[in-house]
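Place chain Y on chain S using the hints.
Protein chains: 2
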Amino acid sequence: MLTYSIEKSRSVPLYEGLAEAIRQDIASGKIASGERLPSKRALAKNLGLSVMTVERAYEELEDEGFVVPSPRRGFFAACPGPRGVPKAPRATSPVRKSERQLLADFAGSGTEPEAFPFDAWSRIMRRELRENRAALLGKQPAGGALPLRIEIARLLADFHGIEASPDRIVIGAGTEFLYGIALQLLGSGRRYALEDPGYGPAAAVWRNFGARVSFIPIDRKGMPPDLLRASGADTVHVTPSHHFPSGAVMPISRRYELLGWASDAPGRFVIEDDYDSEMRLFGRPLPALVSLDRADRVLYMNTFSKTLASSIRISWMVLPDELAERFSEKLAFYRCPVPAFEQYTLAEFLRLGYFERHLHRMREHYRRKQASLLELIRKDPVLGKGEILNSGEGLHFVLRLPPRKGTEEDAVKRAAASGVRVRPLSSFYEGTVPNEARNCFVLSYSPVPAESFGPAVRALSAAFG
Amino acid sequence: MLTYSIEKSRSVPLYEGLAEAIRQDIASGKIASGERLPSKRALAKNLGLSVMTVERAYEELEDEGFVVPSPRRGFFAACPGPRGVPKAPRATSPVRKSERQLLADFAGSGTEPEAFPFDAWSRIMRRELRENRAALLGKQPAGGALPLRIEIARLLADFHGIEASPDRIVIGAGTEFLYGIALQLLGSGRRYALEDPGYGPAAAVWRNFGARVSFIPIDRKGMPPDLLRASGADTVHVTPSHHFPSGAVMPISRRYELLGWASDAPGRFVIEDDYDSEMRLFGRPLPALVSLDRADRVLYMNTFSKTLASSIRISWMVLPDELAERFSEKLAFYRCPVPAFEQYTLAEFLRLGYFERHLHRMREHYRRKQASLLELIRKDPVLGKGEILNSGEGLHFVLRLPPRKGTEEDAVKRAAASGVRVRPLSSFYEGTVPNEARNCFVLSYSPVPAESFGPAVRALSAAFG
Numbered sequence: 017m018l019t020y021s022i023e024k025s026r027s028v029p030l031y032e033g034l035a036e037a038i039r040q041d042i043a044s045g046k047i048a049s050g051e052r053l054p055s056k057r058a059l060a061k062n063l064g065l066s067v068m069t070v071e072r073a074y075e076e077l078e079d080e081g082f083v084v085p086s087p088r089r090g091f092f093a094a095c096p097g098p099r100g101v102p103k104a105p106r107a108t109s110p111v112r113k114s115e116r117q118l119l120a121d122f123a124g125s126g127t128e129p130e131a132f133p134f135d136a137w138s139r140i141m142r143r144e145l146r147e148n149r150a151a152l153l154g155k156q157p158a159g160g161a162l163p164l165r166i167e168i169a170r171l172l173a174d175f176h177g178i179e180a181s182p183d184r185i186v187i188g189a190g191t192e193f194l195y196g197i198a199l200q201l202l203g204s205g206r207r208y209a210l211e212d213p214g215y216g217p218a219a220a221v222w223r224n225f226g227a228r229v230s231f232i233p234i235d236r237k238g239m240p241p242d243l244l245r246a247s248g249a250d251t252v253h254v255t256p257s258h259h260f261p262s263g264a265v266m267p268i269s270r271r272y273e274l275l276g277w278a279s280d281a282p283g284r285f286v287i288e289d290d291y292d293s294e295m296r297l298f299g300r301p302l303p304a305l306v307s308l309d310r311a312d313r314v315l316y317m318n319t320f321s322k323t324l325a326s327s328i329r330i331s332w333m334v335l336p337d338e339l340a341e342r343f344s345e346k347l348a349f350y351r352c353p354v355p356a357f358e359q360y361t362l363a364e365f366l367r368l369g370y371f372e373r374h375l376h377r378m379r380e381h382y383r384r385k386q387a388s389l390l391e392l393i394r395k396d397p398v399l400g401k402g403e404i405l406n407s408g409e410g411l412h413f414v415l416r417l418p419p420r421k422g423t424e425e426d427a428v429k430r431a432a433a434s435g436v437r438v439r440p441l442s443s444f445y446e447g448t449v450p451n452e453a454r455n456c457f458v459l460s461y462s463p464v465p466a467e468s469f470g471p472a473v474r475a476l477s478a479a480f481g
Numbered sequence: 017m018l019t020y021s022i023e024k025s026r027s028v029p030l031y032e033g034l035a036e037a038i039r040q041d042i043a044s045g046k047i048a049s050g051e052r053l054p055s056k057r058a059l060a061k062n063l064g065l066s067v068m069t070v071e072r073a074y075e076e077l078e079d080e081g082f083v084v085p086s087p088r089r090g091f092f093a094a095c096p097g098p099r100g101v102p103k104a105p106r107a108t109s110p111v112r113k114s115e116r117q118l119l120a121d122f123a124g125s126g127t128e129p130e131a132f133p134f135d136a137w138s139r140i141m142r143r144e145l146r147e148n149r150a151a152l153l154g155k156q157p158a159g160g161a162l163p164l165r166i167e168i169a170r171l172l173a174d175f176h177g178i179e180a181s182p183d184r185i186v187i188g189a190g191t192e193f194l195y196g197i198a199l200q201l202l203g204s205g206r207r208y209a210l211e212d213p214g215y216g217p218a219a220a221v222w223r224n225f226g227a228r229v230s231f232i233p234i235d236r237k238g239m240p241p242d243l244l245r246a247s248g249a250d251t252v253h254v255t256p257s258h259h260f261p262s263g264a265v266m267p268i269s270r271r272y273e274l275l276g277w278a279s280d281a282p283g284r285f286v287i288e289d290d291y292d293s294e295m296r297l298f299g300r301p302l303p304a305l306v307s308l309d310r311a312d313r314v315l316y317m318n319t320f321s322k323t324l325a326s327s328i329r330i331s332w333m334v335l336p337d338e339l340a341e342r343f344s345e346k347l348a349f350y351r352c353p354v355p356a357f358e359q360y361t362l363a364e365f366l367r368l369g370y371f372e373r374h375l376h377r378m379r380e381h382y383r384r385k386q387a388s389l390l391e392l393i394r395k396d397p398v399l400g401k402g403e404i405l406n407s408g409e410g411l412h413f414v415l416r417l418p419p420r421k422g423t424e425e426d427a428v429k430r431a432a433a434s435g436v437r438v439r440p441l442s443s444f445y446e447g448t449v450p451n452e453a454r455n456c457f458v459l460s461y462s463p464v465p466a467e468s469f470g471p472a473v474r475a476l477s478a479a480f481g
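Each protein sequence line maps, in turn, to chains S and Y.
Residue 17 is where the first sequence starts when you use this note's numbering, and the numbers rise one by one after that.
Residue 17 is where the second sequence starts when you use this note's numbering, and the numbers rise one by one after that.
Heads up, a few of these hints could be off.
[To be verified] A short, non-exhaustive set of chain S residues, derived as facing chain Y with CB atoms under 7 Å:
(1) Q40
(2) A43
(3) S44
(4) G45
(5) R89
(6) G90
(7) L153
(8) S181
(9) G196
(10) R351
(11) E358
[Said to hold, decoys possible] Chain Y is nowhere near these chain S residues, computed Cβ spacing over 12 Å in every case:
(12) F175
(13) R296
(14) H376
(15) K429
Derived by calculation from the structure, the hints in this document are not laboratory data.
Don't be surprised by glycine CBs; every beta carbon is placed ideally from N, CA and C.
This is chain S alone, in the form it adopts within the complex (with noise of 0.2 Å):
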């Protein structure tokens, strides 16, 4: 147990001694990195000192990344020394970033904890590992679990119109897995086109393993077939249902447009990211770009990030057959990346149709937080006077305001200031920004519980007023 003598005295109050001793101890390695350090109560009642001294000293360290909390265990040292990231330690407390500093995180894209079927998951991962030990340790192939791939097939089948053997499908662990196994399968030699604004990931992932990227600015119907062919890709990242973050819907013309360029000239292909499309939650949906493509010529991918959780990293792609084929030719040698024990609990989460309640719940859940929070955006006297766009499609939606004094820049940390994260559309550019995109912010609240709004609402207010 650590001991201090912390002397009282005017200048410096008690918690900023006892932070002081802790910081220098943790720096010098007395008190090495990933230790657990004494319970606030325990420490307390061992120097002397209040509860409330010791919690101010831990906070205080916390903030600057000596000490990292970790749920139900307690607080550990995490020495931000020479060797130290500080970053990483310090983004890697949940309870600092969701629940203690934050009001809302519009600029998240995670999912509430209460919206996860807990009860159904651990019932059946507890049958799983009760009765399907031999399946669950067993090899599983390159592309995923057969069970698994066969419910998705049905998935796809049902809910998407799209037919896919299961032999087409692959399963990997969250999406930025997937963009890695797709430049294999591809070539890093290849240059990558996408939409501009854009999803950043998978341009990163393309960039660092050295593939060349075209940024290309998106019009009213999305990706423009005539800047893709002047930009000389031959390949092209694509949000149709619901593009990230404008979130507006490629029309069907456009659709056939992309697949007119895809079959325009050999070794083309499209990478339709359908990433949040079973949260659609109003109307119907267009038909996918894979399910018109009768050249063979689209890379369909999916998660369960926005579905279930991203937190379990679970996505899959449908391979065209040119790709299947290289596939199973250059690939077979990988693992499945996600754990057998995920696979075989999703299998039959989906095969029992739990997963198809959980959706139909989750869209009435969404429906009604997304109603609660626009209304109140509507009657707010300040962000009333605002437009929303594109609110139908999925889990966020962009907040057009009137032109205002102030940059953007300075509106989004006066609402960080009072604790809430939202971004403006414009950080989503890489090349210039178009008059239309200023003064819209991307809202994505399906993170954000719903009691959290009204004050969310009134600091955004106060920010942009």
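Just chain Y now, kept in the frame of chain S:
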């Protein structure tokens, strides 16, 4: 329910007629790929055939890849038609490979189902699912959940004598995944040197991403520094604690020579792949390269595939400062690919001491298994004339047989025909195979149940006699 009228004929047996009828329906799409077939019993009843007849028909279709059994879920149609990639679905049947077809797979790399600590694991996972929900669904940092990295840091310190602060540890979904991360940190412009013979997937991953790869013939001590220098490589992948597949241990002198090479020119790195050092069965291990490394040039990799289960897909690496910083600059956008459920469960499994006890039990278990296998081999009239190489370090060893008539390939084929899979050492070479590597066979005994050692040794004896 399928209905066919199968005529009894002299030329075609009943089961053959039934198989043909189902085959046609699957090929024609009348039975959709992924569709569940009726149970043997139900179909037999319905068609007025014996269960045996239906069983033989299903087995034949299964061998052809038209039908895929799935434990407890029955039989599924998998069409190897125009769209299909037959390999994939055929490979996916855990039943066929491990239970039905093979007597003993010495070419596998898994673990026995019995070996996995299911009870403790399910208990912890259940508790995590019940009590740790916010953390399980919270955003995990790219490097992995902090509690797990803290426990891995402890494991490295206590078991391997490696000091690594949690913020230099990166958790990945299997070693192949980490090879890809390493390439993103080091760049695809590098030349990667690998041991020859060596671990194929490492080379495959780096080649897939467009990096140049050199295979360096190892000598008795492992990777020879002079050949490494001559290769012009700036990155080298080695398995010092237990060379794969020869099983040799790199002596301390060679370890220092490699570190010398690494610090001899800027930008050089050694990737130390410590894939099974916890499973060293006898004697004390030599210090890992990373623990001798003062120039911070070693990237250390390890995995839980050998100690827990390969299907769990959890591996980790320890990054040198330079790469740890690059990771948090370039790759922080990644989501750790391991589901939070597994990460927190494993963290608790480690923290509560289950892993240590499990390791202890497993090493005892494998010592006994290996001893019984070695005794059977020594007593065998044919195999007994051979020489056992490097049986002390881990879960595989090499059996060198005296020169014989006939090729290795024929012998391996004969063994396979009697249900025993074994790989010749020569098959791990990229370059020319030295004479002393001829008639050497790699036996990975960990996934093979001890009760099949007897018949397996007899089969090998017959095949190699």
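Structure-based check of all given hints:
1. Residue-level restraint check for Q40/S is violated (minimum Cβ-Cβ distance to chain Y is 17 Å; threshold 7 Å).
2. For A43/S, the shortest C-beta to C-beta distance to chain Y is roughly 13 Å, which exceeds 7 Å, and the interface hint is violated.
3. Taking 7 Å as the C-beta contact cut-off toward chain Y, the hint placing S44/S at the interface is violated, the least distance being around 14 Å.
4. The closest approach between the C-beta of G45/S and any C-beta of chain Y is roughly 10 Å, which is over the 7 Å cut-off, so the hint fails.
5. Hint on R89/S holds. Least Cβ distance to chain Y is approximately 6 Å, under the 7 Å limit.
6. For G90/S, the shortest C-beta to C-beta distance to chain Y is roughly 10 Å, which exceeds 7 Å, and the interface hint is violated.
7. Checking L153/S against chain Y by beta carbon gives a least distance of about 5 Å; that is within 7 Å, so the hint holds.
8. Contact between S181/S and chain Y, as hinted, is supported at the beta carbon level, the nearest pair being about 4 Å apart and thus within 7 Å.
9. A distance limit of 7 Å between C-beta atoms decides the matter here; for G196/S the minimum to chain Y is near 6 Å, and the interface restraint holds.
10. Proximity of R351/S to chain Y holds as hinted, the smallest CB-CB distance being about 5 Å (cut-off 7 Å).
11. For E358/S, the interface hint holds, the least distance from its beta-carbon to any beta-carbon of chain Y being 5 Å, beneath 7 Å.
12. No beta-carbon of chain Y is positioned within 12 Å of the beta-carbon of F175/S; the least distance is around 15 Å.
13. The non-interface label for R296/S is consistent with chain Y: the shortest C-beta to C-beta separation is roughly 22 Å, beyond 12 Å.
14. Non-interface status of H376/S relative to chain Y is upheld: no Cβ of that chain comes within 12 Å, the nearest being about 20 Å off.
15. With a closest Cβ-Cβ approach of about 21 Å to chain Y, K429/S is found to remain outside the 12 Å limit, as its non-interface label requires.
This entry does not satisfy hints 1, 2, 3, 4, 6, going by the numbered hints stated previously.
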